[in-house]
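Enquirer: Protein chains in written order, with this note's numbering: chain A, 1 to 319; chain B, 320 to 440; chain C, 441 to 646.
The reader is advised that the hints may include incorrect statements.
[Claimed, not checked] In silico SDA-like pairs for lysine to any residue, Cα to Cα no more than 20 angstroms straight-line:
(1) Lys-302(A) / Glu-220(A)
(2) Lys-538(C) / Arg-71(A)
(3) Lys-541(C) / Leu-79(A)
(4) Lys-422(B) / His-479(C)
Hints are computed from structural coordinates only; laboratory data are not their basis.
Next come the chains, spelled out residue by residue.
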Amino acid sequence: MGTQSAEDFKEIHSLMGMLQNLDVGLVILDREYKIQLWNSFMESHSGLMPYQVRDKSLFEMFSEINEDWFRHKAESVFLLNNRAFTTWEQRPYLFKFKNYRPITGKAEFMYQNATIIPLGSADGRVERIGLIIYDVTDVAVNRVELKAANDELKRLSRTDRLTGLYNRGFWEECLGREFKRCKRTGSVSSMMIFDIDHFKKVNDEYGHPTGDEVIKAAAEALNISLRETDVAGRYGGEEYVVILVNTSAEQAMIYAERLRKLIEQTPVSHLNQTVNYTVSLGIAEINDDIASHEEWIEYADKALYRSKEGGRNQANVYS
Amino acid sequence: MTTPVLICDDSNFARKQMARSLPDGWDVDITFACNGEEALQAIKEGKGEVVFLDLTMPVMDGFETLANIKSQDLNAMVIVVSGDIQPEARQRVKSLGAIDFIKKPINKNKAELILKEFGIL
Amino acid sequence: MNPTLNVTITEDQRDCYQEISNVAMGQAADLLARLLDVHVILPIPVVNLLEVNELRMALSGIESTDSVSGVCQGFIGNGISGEALLIFNDASFGDISKLLKYGGELDNSLELELLMDVANILIGACLRGIAEQLDVVFSQGHPIVLGQHVNLAELINANNYRWTKTLAVEINYKIEGFDINCDLLLLFTEEAIEALNTKINFLLDD
Numbered sequence: 001m002g003t004q005s006a007e008d009f010k011e012i013h014s015l016m017g018m019l020q021n022l023d024v025g026l027v028i029l030d031r032e033y034k035i036q037l038w039n040s041f042m043e044s045h046s047g048l049m050p051y052q053v054r055d056k057s058l059f060e061m062f063s064e065i066n067e068d069w070f071r072h073k074a075e076s077v078f079l080l081n082n083r084a085f086t087t088w089e090q091r092p093y094l095f096k097f098k099n100y101r102p103i104t105g106k107a108e109f110m111y112q113n114a115t116i117i118p119l120g121s122a123d124g125r126v127e128r129i130g131l132i133i134y135d136v137t138d139v140a141v142n143r144v145e146l147k148a149a150n151d152e153l154k155r156l157s158r159t160d161r162l163t164g165l166y167n168r169g170f171w172e173e174c175l176g177r178e179f180k181r182c183k184r185t186g187s188v189s190s191m192m193i194f195d196i197d198h199f200k201k202v203n204d205e206y207g208h209p210t211g212d213e214v215i216k217a218a219a220e221a222l223n224i225s226l227r228e229t230d231v232a233g234r235y236g237g238e239e240y241v242v243i244l245v246n247t248s249a250e251q252a253m254i255y256a257e258r259l260r261k262l263i264e265q266t267p268v269s270h271l272n273q274t275v276n277y278t279v280s281l282g283i284a285e286i287n288d289d290i291a292s293h294e295e296w297i298e299y300a301d302k303a304l305y306r307s308k309e310g311g312r313n314q315a316n317v318y319s
Numbered sequence: 320m321t322t323p324v325l326i327c328d329d330s331n332f333a334r335k336q337m338a339r340s341l342p343d344g345w346d347v348d349i350t351f352a353c354n355g356e357e358a359l360q361a362i363k364e365g366k367g368e369v370v371f372l373d374l375t376m377p378v379m380d381g382f383e384t385l386a387n388i389k390s391q392d393l394n395a396m397v398i399v400v401s402g403d404i405q406p407e408a409r410q411r412v413k414s415l416g417a418i419d420f421i422k423k424p425i426n427k428n429k430a431e432l433i434l435k436e437f438g439i440l
Numbered sequence: 441m442n443p444t445l446n447v448t449i450t451e452d453q454r455d456c457y458q459e460i461s462n463v464a465m466g467q468a469a470d471l472l473a474r475l476l477d478v479h480v481i482l483p484i485p486v487v488n489l490l491e492v493n494e495l496r497m498a499l500s501g502i503e504s505t506d507s508v509s510g511v512c513q514g515f516i517g518n519g520i521s522g523e524a525l526l527i528f529n530d531a532s533f534g535d536i537s538k539l540l541k542y543g544g545e546l547d548n549s550l551e552l553e554l555l556m557d558v559a560n561i562l563i564g565a566c567l568r569g570i571a572e573q574l575d576v577v578f579s580q581g582h583p584i585v586l587g588q589h590v591n592l593a594e595l596i597n598a599n600n601y602r603w604t605k606t607l608a609v610e611i612n613y614k615i616e617g618f619d620i621n622c623d624l625l626l627l628f629t630e631e632a633i634e635a636l637n638t639k640i641n642f643l644l645d646d
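Extracted from the complex, chain A is given alone in its bound form:
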């Protein structure tokens, strides 16, 4: 028997050695959240020795841990005898440790996943919990960078390069959604389309680079006059569109006049040339006769045609 327990002891000793060297944080907490075990990973990264943290409250020692949040998670482990996982996506870290790679690492701190496991007594009551801390900095940084890259791609695929407005495809998607929303909720919105008068002449007289400047200037005027909820897009070469959310045709007309005057009074200066230009606008308010968002655009286009017929530099409402 004696040799058996000596063997057991040796095994436990080796196991403890392995646990101490494990490159994962291990902490044991009692019911009062006082630290009972602190392995070498925790020691190295926190700079605190086991004797310095033993029987100390986790929250007093580490003010970076949000006490309410952590208790919320841990109490359910105590209560239900069921382990809980937290990911860096919820909170980047539990303990604010520096990046394991202080020189070449991209993140300043160590991203962490944590597992909280119930440590029970024989009668099934949970008296302590174990905390396992994983360093997931590389995974997290890659994910964050990938998401940023994808978001940028998404933004680019929606945007018109020259003007920064939404491109035609994405804008039409927005109009489709707004059309459905109006039909569903019975709210009233309007859409407006406008284009630059005699744009071909601008190009011919001043050259394409100046023409581009005019297109940008019109977009800028549009941007300045937009409200938060309005959705503007570049529809074609010198054609622009706007969804005026929760706006009647009458209100849209006031907006259109303001934009028309702003453009009329703001000449474009480029390469020592000054170009005066105007726009013609058409407005259509949604109504029961309009069966699709494409039809909605057609209505506004008809109003735009009337503005052209009527001598340009003016706005009309479809009726």
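Dock chains B and C against the given chain A, drawing on the hints supplied.
Expert: Showing chains B and C alone in chain A's frame:
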């Protein structure tokens, strides 16, 4: 004397498991039912003096079956055997007249204990 | 893909999986009921052997146009491996946040907390229930956020699945008196089905 025992569960596996968990040497005549409707029919035919009843079943679930046994004043001692171990489920079946509640998976000792407690065995 | 594998399950085996899931989900529901102080309405679990590309159809509790959020967690033990997916209808979060008593505004990060809290309970307890009945032990990997505010197709088709057939157990949880609807999916790999069938046959013959 042979006791007519009815086992009602939508799962064939659960019915077999229940039948296997009945105490050894108990003189019984076992009938199986797949839902509450079949159970009520069997009880009316005198095949369910003791009933082991599941709760989650199609057609007619355990709660409804208990309510029917109560309202039609049928003669059956019902022990609910269920995976639904929420406190409220226990309370509901007791108030609907079940004599006891066994949580799944069933084990032999538990069934024997209850049967003895209620003087059935 | 392994062409030598051609797994099937018999009606008896399917019934057995359903019953085991039924017991396990009951244990999980009990924990959830105790944490939230509510009554969880238990469905009959749906067990299906299906192609992974049919997964969306297996999610009967959720409409394909609903806005959803989900997490998934891998598990493995005794030759049985698979993944658990928890998918929430985004409309549920308002009520869950009240039940879990988190203060503050319901934003993306709070929704993630709620999703993780419920996933920890439902996935953990369900897997434990199944493992106990089959007399195996599962290790659980760390949960991964599949996506927030996306539709089902975006949520589950984003990955390129390696295995083609899966044993899927769908459990659609609802909570009495609240607008809460979530789907727990347990997916077992093709290789796992063989190991599972052996275990199940043992129970059936017993």
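Enquirer: Against the earlier hints, flag every one the structure doesn't satisfy and list their numbers going up.
Expert: Hint 1 is the one this structure does not satisfy, whereas the remaining hints hold.
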